[in-house]
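Can you make the complete structure from the sequences, with help from the hints?
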Amino acid sequence: DVKVTQSSRYLVKRTGEKVFLECVQDMDHENMFWYRQDPGLGLRLIYFSYDVKMKEKGDIPEGYSVSREKKERFSLILESASTNQTSMYLCASSFGERKLFFGEGSRLTVL
Amino acid sequence: GESVGLHLPTLSVQEGDNSIINCAYSNSASDYFIWYKQESGKGPQFIIDIRSNMDKRQGQRVTVLLNKTVKHLSLQIAATQPGDSAVYFCAENINSGYSTLTFGKGTMLLVSP
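These protein sequence lines are chains F and X, in that order. As numbered in this note's numbering, residues 1 to 111 make up the first sequence, in order. As numbered in this note's numbering, residues 112 to 224 make up the second sequence, in order.
These are computed hints drawn from the structure, not numbers from a lab. Predicted model, so just to flag it, every value in this text is computed and none were measured. Cβ atoms here follow ideal geometry from the backbone N, Cα and C, with glycine treated the same way. The reader is advised that the hints may include incorrect statements.
Claimed, not checked - Listing some non-contacts, in silico: residues in chain F with all C-beta distances to chain X over 12 Å: (1) Glu17; (2) Asp26; (3) Val52; (4) Glu62; (5) Glu72; (6) Ser82.
As the list claims (entries may be wrong) - The list that follows gives simulated cross-link-like pairs (lysine-lysine, DSS-like), each with its CA atoms no further than 27 Å apart: (7) X/Lys153 <-> X/Lys216; (8) X/Lys216 <-> F/Lys57; (9) X/Lys216 <-> F/Lys99.
Laid out in structure tokens, this is it:
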């Protein structure tokens, strides 16, 4: 089975801190994605990547950046966390076909 | 933090009933559709997918129906069990360049014993 692992299930950070969310997939997938999920708003795409060192903006990239130095790892970075970035963050991967495999999520609280 | 299930339409059924979860999609050019299940505190799990050249696809206890005329997708779950209680999302996609899945808001399914 495909495994997408997000390094932290729960994080609490302070406003202005730099936050790294790490995601690793073990199936040699080309494509990786970061979503945030908020009640009433569903899943919204932040950034995605179709290859190493390549990134594309999703629907809500403001306040975020990403890094993909290795094929299996896709990191989401909040340069200066704000309270409106409190959310559930979901990483996903896919290869070719459009079916995404999701991690278990990282719930971030920014105080 | 708030549960993802708040603010969602809810379908409540009895154990053993058949459940039908509906989804209206937005883009008539979409050619791929997928259903996910998300249990509380977990990431979405793939259930079943269907391409636009089909109007029905069956899996284990689940069936997806696609009506392109009215841009409607449904997920049928046979003999619903308490373990089926979750939020169910549909998503659509157009096979074009770097297009990505567009997700619906979801429906919460509550199964009582």
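Now the hints, each set against the structure:
In this structure F/Glu17 is separated from chain X by more than 12 Å, as the shortest Cβ-Cβ distance comes to about 18 Å. No beta-carbon of chain X is positioned within 12 Å of the beta-carbon of F/Asp26; the least distance is around 15 Å. With a minimum CB-CB distance of about 16 Å to chain X, F/Val52 clears the 12 Å threshold, and the non-interface call stands. At roughly 18 Å from the closest C-beta of chain X, the C-beta of F/Glu62 stays outside 12 Å, upholding its exclusion from the interface.
At the 12 Å boundary, the C-beta of F/Glu72 stays outside the reach of chain X, the nearest C-beta of that chain being 17 Å off. Against the 12 Å criterion, F/Ser82 stays outside the reach of chain X, whose nearest CB is about 15 Å from its own CB. Using a Cα cut-off of 27 Å, the hinted pair X/Lys153 and X/Lys216 holds, with the two alpha carbons roughly 16 Å apart. Proximity of X/Lys216 to F/Lys57 is assessed by CA-CA distance (about 21 Å); at most 27 Å being required, the pair is judged to hold.
A hinted pair counts as satisfied when its Cα atoms are at most 27 Å apart, and X/Lys216 with F/Lys99 qualifies at roughly 18 Å.
Hint violations for this structure: none, all hints satisfied.
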